[in-house]
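Undergrad: Protein chains in written order, with this note's numbering: chain A, 1 to 110; chain B, 1001 to 1114.
Incorrect hints may have been included.
[Said to hold, decoys possible] List of simulated lysine to aspartate or glutamate pairs, EDC-like, C-alpha gap at most 20 Å:
| no. | chain 1 | residue 1 | chain 2 | residue 2 |
| --- | --- | --- | --- | --- |
| 1 | A | 97 | B | 1030 |
| 2 | A | 57 | B | 1101 |
| 3 | A | 69 | B | 1030 |
[Unchecked claim] With the Cβ distance kept under 10 Å, some of the chain A side facing chain B (calculated, not the full set):
| no. | residue |
| --- | --- |
| 4 | 26 |
| 5 | 27 |
| 6 | 28 |
| 7 | 31 |
| 8 | 46 |
| 9 | 58 |
| 10 | 60 |
| 11 | 62 |
| 12 | 72 |
| 13 | 74 |
| 14 | 85 |
| 15 | 86 |
| 16 | 90 |
| 17 | 98 |
| 18 | 108 |
| 19 | 110 |
In short, the hints are calculated from the structure, not lab data. All of these numbers come straight from a predicted model, not from anything done at the bench. Cβ atoms here follow ideal geometry from the backbone N, Cα and C, with glycine treated the same way.
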Amino acid sequence: ILNVEQSPQSLHVQEGDSTNFTCSFPSSNFYALHWYRWETAKSPEALFVMTLNGDEKKKGRISATLNTKEGYSYLYIKGSQPEDSATYLCAHESASKIIFGSGTRLSIRP
Amino acid sequence: DAGVTQSPTHLIKTRGQQVTLRCSPKSGHDTVSWYQQALGQGPQFIFQYYEEEERQRGNFPDRFSGHQFPNYSSELNVNALLLGDSALYLCASSLAGTEGETQYFGPGTRLLVL
Chain A
1 ILNVEQSPQS LHVQEGDSTN FTCSFPSSNF YALHWYRWET AKSPEALFVM
51 TLNGDEKKKG RISATLNTKE GYSYLYIKGS QPEDSATYLC AHESASKIIF
101 GSGTRLSIRP
Chain B
1001 DAGVTQSPTH LIKTRGQQVT LRCSPKSGHD TVSWYQQALG QGPQFIFQYY
1051 EEEERQRGNF PDRFSGHQFP NYSSELNVNA LLLGDSALYL CASSLAGTEG
1101 ETQYFGPGTR LLVL
């Protein structure tokens, strides 16, 4: 994998359901993997920065895992709420640059 | 504590013109990165400034240049504007240190080139 790829591109989830999505990135020259939440008309908000293989981070109902050897990270949201509706971006940081994926657009149905 | 601010919020220019966008970092931050986000894509890294020098650069032509001032604020300049330069330009600030520093984003400047 040469680019940062996120899947799915968009997701519609019923309120209360749990969901997850994927970020795939180059496994070479890895410094860190960033997750951001970007709500409409707001600035991207940093969720997690993950640097070590096997890292697991948690913030409230949101958690993330990291596998640097195979080049993927999962973001999980437990018990989705309307305020979770946003675009979730991941970014791969190497020595020379930061590359963002195109994001997963999450919509929560009440 | 003021977060990252950017000005202007919106801008309309015509092809061939030049534009300057401005960014003030979060208080205490010394590093500023600039990104271009076209519709339907993730932010594309343009360059990063630290200690008033360009530290890293993405795949953008020389028409894109920048500057960082002693107070850590930064400008992004784009010369000879093309229609394809229409995008949201995001500025992010961070504190230099080890890899994996958290970046804080501003609200962006939306540039339209006609």
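Undergrad: Sort out which numbered hints this structure fails and list those numbers smallest first.
TA: 3, 4, 5, 6, 9, 10, 11, 12, 13, 14, 15, 18, 19
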